[in-house]
Amino acid sequence: MSILVIAEHDNSSLKQATLNVVAAAKAIGGDIDVLVAGENVGAVAEAAAKAEGVNKVLVADNAAYGHFLAENLSELVAEVGKGYSHILTSAGTTGKDIMPRVAALLDVAQVSDIIRVESEDTFVRPIYAGNAIATVKASDSIKVVTVRPTAFDPVAAEGGSASIEQLDIVKDAGLSSFVGEEKAQSDRPDLASAGIVISGGRGMQNGDNFKMLEQVADVLGAAVGASRAAVDAGFVPNDMQVGQTGKIVAPQLYVAVGISGAIQHLAGMSDSKVIVAINKDEEAPIFQVADYGLVADLFEAIPEFEQELDKVCS
Amino acid sequence: MKVLVAVKRVIDYNVKVRVKPDNTGVDLANVKMAMNPFCEIAVEEAVRLKEKGVASEIVVVSIGPKASQEQIRTALALGADRGIHIETDEEVQSLEAAKLLKAVVEKEEPKLVILGKQSIDSDNNQTGQMLAALTGMGQGTFASEVVVDGDKVKVTREVDGGLMTVALNLPAVVTTDLRLNEPRYASLPNIMKAKKKPLDSMSPADLGVEIAPRLTTLKVEAPAARQAGIKVADVAELVDKLKNEAKVI
Ligand SMILES: Cc1cc2nc3c(=O)[nH]c(=O)nc-3n(C[C@H](O)[C@H](O)[C@H](O)COP(=O)(O)OP(=O)(O)OC[C@H]3O[C@@H](n4cnc5c(N)ncnc54)[C@H](O)[C@@H]3O)c2cc1C
Ligand SMILES: Nc1ncnc2c1ncn2[C@@H]1O[C@H](COP(=O)(O)O)[C@@H](O)[C@H]1O
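Residue numbers (our numbering), protein chains in the order written: chain Y, 84 to 397; chain P, -11 to 237.
Only chain P is shown next, with the shape it has when bound in the complex (with noise of 0.2 angstroms):
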């Protein structure tokens, strides 16, 4: 079965962020880029399932600016078998993201789409559920186990109160949590041998998508920093002042 992934370059999570002084966004010139981590859970995940001969080809995709294709190489050197790069310089919101990735899922019929829950930058946590709304699928969200079973795929979802499993018809769309698996790294024989694999560009005009942003930032800043607090000697003195200063116990 062909699996399809979807990859988002994104700021690296170790990197502190700035905001702009304007206002207008967060500072990511000269900044490290990478693959979304929990896009790496996903291209995990679809390297297992070929692993176990679950999955026989893996494609996988991103939308953004040339320097994506840096992370669909990367998905490439983990085990993908090919990569789609739908370019623009545009900034892509949730819902444009799952159109184009419709339009991807139309035509190359995967039976099972793998996303990550969230993106670190935008927080949104909204690409997987609403790709599979406009396809139809079932959704695995926040999965931390994915079984094939014939036609159905059974996901353990990470919910507020513990853990919760469903099964979906295929195809499906699932969105992955942080402990579904632990991503391998490239070795450095597959990083060159990545680099032959095919990928393919296009535009969103190529897909029939207009770009059009419903979203509007009109500012963004930085959060108000806490009052830097005080050292205590010892537990009593904790204890005294969260009863008699703080008054919180």
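Only chain Y is shown next, with the shape it has when bound in the complex (with noise of 0.2 angstroms):
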């Protein structure tokens, strides 16, 4: 078996995800090679390289995948992909933008958001928003995958040394181009990776009162997250909402803060190994996954709560 892995980055950083993915391969078993499609990723190539597990690093440089454009670089995975038995990618929204693409130029099926490998060709994810686990099995002599990073543990980043090989393939479909983008700006830890995660709901009333969360996040270190009734409301930018339809975190910590948890928004943080939260409201069915409750008015809680942190933190 020979695993092909398309690196999540951004043309300047290699993405943790793709060592989660690489974690993924590696429990299919087989020689390992990673992707690196961008412009300008020298040293996205040279970090897949000292990957651990990685046997060799290809690296397709053109101006046409600078904005990972599914149009062109569905056309280059597909190529290059052929002579794998899986293609691997994370299940980001790059991931998720591609990925299918791939599978119908490769007319085989596509494997979602996996969560566990269970054999090279059976693999188990979640279905209707994480109610109900599914372990599926794929026909197809290609099996290309998305995999849900947070699911894997992350091989090392540090120690290997594969090679790295220069693709001279490059293709430009002529359908899209990229007009522009706006980028949340935060020095906080990414969302999808953070140890810890404080998110804020409805409760929060506006986007000024999310302040108080961030302000918890910086004793903490957190991240910080949002449901989609928060984002909806135009509090806070659409990147920071958390579920089904936004980003799956499994942190250390998820702490949810004036949210009713409703199972779209549990979808995306029940595996969170502690989950807290505080809400006025003692029904909220957030408390049914909380392993600690606090039933209060966050305008009262969240301030203390900071105070506390400060005590016990610094």
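Hints in this document: simulated from the structure, not taken from any laboratory. All C-beta atoms in this analysis are idealised placements derived from N, C-alpha and C, irrespective of residue type, glycine included. Be a bit skeptical, because a hint or two may be false.
[Stated by the list, open to error] For the chain P half of the interface with chain Y, some residues (derived, Cβ under 10 angstroms), not all of them:
no.	residue
1	Ile(-1)
2	Lys4
3	Glu94
4	Phe130
5	Leu156
6	Asn157
7	Asp165
[Claimed, not checked] Derived SDA-like pairs: lysine to any residue, alpha-carbon spacing no greater than 20 angstroms straight-line:
no.	chain 1	residue 1	chain 2	residue 2
8	P	Lys4	P	Ser110
9	P	Lys219	Y	Lys220
10	Y	Lys220	P	Leu206
[Claimed, not checked] Over 10 angstroms on every C-beta distance to chain Y, these chain P residues come out as not near it, computed from the model:
no.	residue
11	Glu39
12	Met180
13	Gly196
14	Arg202
15	Ile218
Dock the two chains into a complex; use the hints.
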């Protein structure tokens, strides 16, 4: 077996999710190559070559791949990937955009968002917003799979010494072009890989009040997330949404503040190690999954929480 | 310009899903079914394009059992003009759905195809991208804004780091994210009118597509339940538990 892992990166650094995907590839077994496609990705390729368990790093460095347009990348991945038994990447928005297109070009099925590897052709994945867990067997000769990074412990980032090979394959489908982007700027840890996440819901009432959560996050070194209701109401940007249709997180500690606990929200955080809920409604469903529940008005509890944490964390 | 919208019949998102005791799937007997929420957003977007004079005709298509006609009728009541039902009682996986939709695209030649980004049953998030690949179209996935501009469509996409805007040649495929719009409700007169709108029915074989699933579901289980936790009396107790019991801070 030979596995092609598509690296997730931003042209300058390798995303940690790639290390989780390599771990999933190791669970399948076989030689693992990593494809780094992008523009000016030398540093990314070097980082990928150091990851534990990687055999070879293939680099496709071209302006056509600079913005990860699915139309161009899928043709590249389908061409490079057809020599492999498995093509894997993380189930982030880039992977979700590209991989079904790759699968269709190869005329094979795609398996989305796996959380476990049972064997080389059998995978476990959540369905119905995590209310059911399916074991599926893929019969195609090439398995195209997206991996939920939080479900696999990452391989070591250092220690490997894979060879790096430049590919001279340029695919520009001419169907799409990049217009612009608005990237959320934050000095806090990345939501998807943070060890502690504190999220606010509709109960926060407005965007300004999220500053209270940011202050707590700064004490804890945490990332800040949100429910869909908070995003919909315009309190915070969309990239902070946790849930079935937002980001999936599984930190050591998840603190839900003013969030009721709809199944779509739970789907994104119920694998967290420890869950804390702060809500003024003692009947809120979030308390059914919380290890520690505090029935309180958040506007009193959060400032106090920050003060208490300040004492123990500093 | 003609707009094609794909809508899927799924379990209503408010229903508490139960896994069958024999682990073959989830219990769908006598549960409320509805249009996939992302497909409602797709229909709404098409209707808004028509109201703006950008779209001239909206064709809505659904693949599934006879009862899927209910969701097509809902879309017609919301403002779609014509329905196509591809009838099958078999499980249709994303690749087959994309092949069937491709056959419809070839017949109807729409300028824009709008799908939901994800079915809330399979949570696949695949069909739109696969359809785009099979038809050689560009794709604007997870759209939060769609602007048709001459022979191009500009799509703002919700991506992990924030928002990204792409321009696609038409015809193109767009898949909807939650914030694209807020779907309206169908009025009673429109529900009545929808009953008279044309709805064609056909089989996958009529479209020359064979249903041959590549994925087999071996079993479906309930997720591991979390141990019920405790309620703490105050913030001081909470911080103490986090530090000394859970040891996570
Ligand atoms: C297809 C689909 C996909 C979805 N995907 C997602 C998703 O990915 N992520 C997601 O989060 N949601 C998602 N949703 C939405 C989900 O169904 C819920 O509507 C949403 O999670 C509710 O957000 P909330 O808990 O912040 O708001 P609410 O349900 O309104 O809860 C607010 C809570 O705040 C509490 N509160 C209010 N004031 C205070 C106070 N002063 N102090 C303490 N507590 C207070 C209230 O008691 C209440 O429990 C999706 C829905 C659909 C249909
Ligand atoms: N059986 C179907 N009938 C019509 N549209 C479908 C069907 N299956 C998937 N789709 C479309 O594809 C989108 C994404 O579905 P999926 O890839 O299954 O998550 C849905 O929101 C629909 O717009």
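Structure-based check of all given hints:
1. Ile(-1): Holds, about 7 angstroms.
2. Lys4: This interface hint holds because 8 angstroms falls under the 10 angstroms limit.
3. Glu94: With a closest approach of 15 angstroms, the P/Glu94 hint is violated.
4. Phe130: Nearest chain Y Cβ about 6 angstroms off; hint holds.
5. Leu156: 5 angstroms, holds
6. Asn157: 5 angstroms, holds
7. Asp165: OK, holds: P/Asp165 within 10 angstroms of chain Y, min 8 angstroms.
8. P/Lys4 x P/Ser110: OK: P/Lys4 and P/Ser110 at ~15 angstroms, within 20 angstroms.
9. P/Lys219 x Y/Lys220: Between P/Lys219 and Y/Lys220 the Cα gap is close to 42 angstroms, so the pair fails against 20 angstroms, i.e. violated.
10. Y/Lys220 x P/Leu206: 7 angstroms, holds
11. Glu39: Correct as stated: the minimum Cβ-Cβ distance to chain Y is 22 angstroms, above 10 angstroms.
12. Met180: Consistent with the label, P/Met180 stays out of reach of chain Y, its closest Cβ about 32 angstroms off (over 10 angstroms).
13. Gly196: Holds: least Cβ distance 15 angstroms, greater than 10 angstroms.
14. Arg202: 4 angstroms, violated
15. Ile218: It is violated; P/Ile218 is separated from chain Y by about 6 angstroms at its closest Cβ, not greater than 10 angstroms.
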